[in-house]
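S.K.: Sequence:
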Amino acid sequence: MNYDFGRATRIKESLVLRVDSLSRNVNESHLKEIFHNFGEVVDVELAMDRAVNRPKRYAYVEFKARTDAEKAQLAMDGGQIDGKFVKAKFTLRPRQKVPPPPKAVSSAPKREAPKSDNTKADVEKTGPKRPERIAPIGIPCSSSLTRKFFDTPLDSKCFDVGALDELFVRVGINDKLMCSENQNWSVDDGDASFFIFPADKRVPSRWSPQGSFFVTADSNLVIIWGSRHRTDFGLLLRFSHYQVEEFDMSPGEKYLVTYNRPKPSDPDVSLIFPSHNFSVLQNCSNLCRLQGLWLKIFDVRTGTAIVGLNNVDVADSPQWPLIRWAGGKKDTFFAILSKNKTVSVYETENFNLLGNAPLLLDDVLDISWSPTQAVLAILLKASGKQPVKAVLLQIPQNVKLAEKDLTAILGDCKMHWQSNGEYLAVSTYGGFEFFCIKEEGIPIYFLKVDKILDFAWEPRGHRFALIYGDEATLSVSFYSMNKPGKVTELITLSNRQADALFWSPKGNLIVLAGLKEGKLEIFDVDKLAQLSLVADVVANKVVWSQSGEYVATAEPLARFTIWSSAGNLLFVRQCESHIIQVTWIGAPDGGIIDDDMQ
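Residues in the sequence shown are numbered from 81 upward in steps of one, following our numbering.
Hints listed in this document are in silico derivations from the structure and should not be mistaken for laboratory results. It is possible that some hints are incorrect.
Simulated crosslink set (DSS-like; lysine-lysine; CA at most 27 Å straight-line) [to be verified]: (1) K136 / K164; (2) K494 / K409; (3) K465 / K480.
Model the full assembly from the supplied sequences, consistent with the hints where possible.
M.R.: Shown next as structure tokens:
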């Protein structure tokens, strides 16, 4: 394609982006691969200096649809391509309305009308207004959309039950946010509305912990999207991270953590969370653009990088998330498990190491924060005659609240917090140790159970369920801890073909899923009775909506289904490609069902 943008031509709004500040090593096929994430690309032309046969460091990208071009412009203007920050602009401004021909002027003198002081009203009357949602966000903190999102109260409709029921489905490389008008899911509803976002095929997309944002990764960017009225989504902020592979957000949504696995060729950048002299990092946005920084923390409200970290002093085979945030919405503390099997706790007020030293605990296997407060549960490795030990610490005082020796072998111990932080269950060899956090003295109770397959707390409740036994004779049992000092068995269901447990976010109802056998049993724990049984279900993922009214099941072979909480079929959709993720707004995980992405 040859573009002559100096000539005045009568054409529609531009479908062509000019991308400037490219590296000289970039080629057209690489650019087409990047911009194809936003929609169908008609052509890519890299401008060349024919005298020396070298690129001029800018290119033209033509899209088939204007909406795709707008998405690409929003995401890539200020983004990175091959480590270079680029600019992406439309080659033409949006079409202007042709003004009507002037009316004939009479010969009689006419009094001149006074000029209006209402400039905004005049603009709306005399010319088109560019939609705010497609305005480029070159400086995130000055964006009118960003200010509107953070400083304007949420529409009251966002707190309705129906507002909780927005489903995110990732089909192939496309992210699709799906919602049904008035949340009236029905089998005939084939026109449910979608919002489609660009996303990197390697990186999962997800909701933020409180459901305020939808977060995607694309090329060398992490992007957050938001909507004040649940009717449309706009790009709020972009965060630059070279070849980003994973991201995570703090529970209170104040901080974003981005990560890419360090490469042997990366420069040696030993910039880690400081224990002193933090003032040198107050303005480190340039430092945080270095490719050697494989983990960064950003301020979500302003979009600025706070501090970066390379692979110094982090465990050799770290588990994601690398940054473990303390419970609650204050985002005051986080912890890192170090290479030498010690734990370092940091405070976000100044990002200093708490106490200027790691915790005085060696051979740490794993750590887990209470979901609601700064209480850190720590598993310590067995040493000599000393068995595996569980310790509870109150942060920042570093006060030991409780400890317990566990009859466990390496790999058997797992920690399960109840959502309100009232109980901690630690699975051991042959049972569970229960720490009752809210009771005086934090008493610990043991429940003997063999051959445990799955365990799940009732959200915000005192009950839990577990699957145990031999594969041919599995049982499901329900217990209550409502009575202080006692673990009470409620009921045991024998010979159940269940291999996974999925509680409703509202409690009471639970799906006993036999994913291998294709059966879903919905059980009412209040009534201790089966509510419904659905057979011949092909699915490897079950997710509840946060209202507790709907259940979605998905299979990788391009189909997902929505059921009512009573087990009635409401909606089926066959997608054009295989499904990678399915999750509702506010769900605690990313809803990943694809083995490769997992």
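S.K.: Given the hint that K136 pairs with K164, test it: the Cα-Cα distance must not exceed 27 Å.
M.R.: Judged against 27 Å, a Cα distance of about 14 Å means the pair holds.
S.K.: Holds or violated: K465 with K480, Cα cutoff 27 Å?
M.R.: Roughly 22 Å between the alpha carbons, so the hint for K465 and K480 holds.
S.K.: Does the alpha-carbon distance linking K494 and K409 stay inside the 27 Å limit?
M.R.: Cα-Cα ~24 Å, so holds.
Violated hints: none; the structure is consistent with every hint.
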